[in-house]
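Novice: Chain order of the listed sequences is A and B. Per my numbering, residue 1 is the first one in the first sequence, and the count goes up by one each step. Per my numbering, residue 120 is the first one in the second sequence, and the count goes up by one each step.
These are computed hints drawn from the structure, not numbers from a lab. Possibly wrong hints are sitting among the right ones.
[What the hints assert, rightly or not] Computed list of lysine-lysine pairs in DSS-like fashion (alpha-carbon distance at most 30 Å, straight line):
id, chain 1, residue 1, chain 2, residue 2
1, B, Lys260, A, Lys101
2, A, Lys8, A, Lys42
3, A, Lys78, B, Lys260
4, A, Lys17, A, Lys101
5, A, Lys42, B, Lys121
[What the hints assert, rightly or not] Rough simulated footprint, nothing fancy, chain A against chain B, three-plus residues with beta-carbon under 8 Å:
id, stretch
6, 125-136
7, 219-228
None of the values given here were measured: they were computed from a predicted structure. Note that the Cβ used here is the ideal one computed from N, Cα and C, for glycine as well.
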Amino acid sequence: MADEDRVKLLVKEVEEKTTAGVLRWLESADMNEFVSVMPGGKFTIKAVGHTDFGYDNEPDGNACLLLCRRADDLQLLKITGSSPGVFQGKLDRIYLLAREKALGIDDAVDEIIAGLDEI
Amino acid sequence: MKWFLENWGNLLSAVGLLVTLVTLARAGKAVEAAEAAKRASEATKYAVNQQGAVHALGDMIRIIAELSTLVSVQSFPSASLRSQDLGRSLRYSIERWDSELGASTLDLAEAQSQVDSISKKLRSPAISQKDCPHLLGLLEKISHVVTTAQAIAEKEGNNG
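Please construct the entire structure, taking both the sequences and the accompanying hints into account.
Specialist: Now the structure itself:
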């Protein structure tokens, strides 16, 4: 079990780097899961989001972060709103940002606005 | 004759010096030749590795095409097996040709994570026809990443 301070710092860093747009998020086969390969390539972080059935088909309903080993996709740590020192709102915000970045929602909106301007 | 008898020692020293200089010159050439051979050997090794990486990436492009077909016809168990092959190939290539793939390594690592998610999805009993368009879109993106990495490796090989 990772200690509270480490987990809090990890969540804070992921949130900051995602907000700054320096962490690249990608789509996965699950529409409610987005993945980012960490610098160095050894680990991935997955942002798993709001659905009726969450990760592994377990009822979930809240966003969480999964820290995995990239080589074999082994899940090392699951960070949820009930993890000590972690606020659910922060995880939800990271998930939504990750989704926005992975799907290129800003670009899509810009393209639509540009298209509408031409009408 | 008298001069020779008086200076034979100096003469021998001069001959000795000459022999030393010739030997050193030959040794220098041998070192140069050895260095050139080493450089050539390294260049050959790099070219062979580069070629290996290009072939491996080519194989992956074929697997992705096959996998896309299997997903299109909803042959999920077979697609699951091929996706695992693809994941293994990506994993191996990233480890084996890390230096040859250079900047493409991170892109391929990201592609591998996406392939792992596809494998997991294809193994899930909940997989259905409605998942196919999303999986096919993802495979197209992965194919683009692998094709780009192959083109870069090929170009590097030709330059090297």
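Novice: Hint by hint, note whether the structure agrees.
Specialist: Okay, the hints, checked on the actual structure:
Annotation: proposed proximity of Lys260/B to Lys101/A holds, straight-line Cα distance about 16 Å (limit 30 Å). Taking the CA atoms of Lys8/A and Lys42/A, the gap is near 21 Å; set against the 30 Å cutoff, the hint holds. For the suggested pair Lys78/A and Lys260/B, the alpha carbons sit about 28 Å apart, so the restraint of at most 30 Å is met. Distance restraint check for Lys17/A and Lys101/A: the Cα-Cα separation of roughly 12 Å lies within the 30 Å cut-off, and the hinted pair is therefore satisfied.
For a cut-off of 30 Å, the pair hint linking Lys42/A to Lys121/B is broken: about 84 Å separates their Cα positions. A stretch counts as covered by a chain when three or more of its residues have a beta carbon under 8 Å from one of that chain; for the stretch 125-136 of chain B and chain A the count is 0, and the coverage is violated. A stretch counts as covered by a chain when three or more of its residues have a beta carbon under 8 Å from one of that chain; for the stretch 219-228 of chain B and chain A the count is 3, and the coverage holds.
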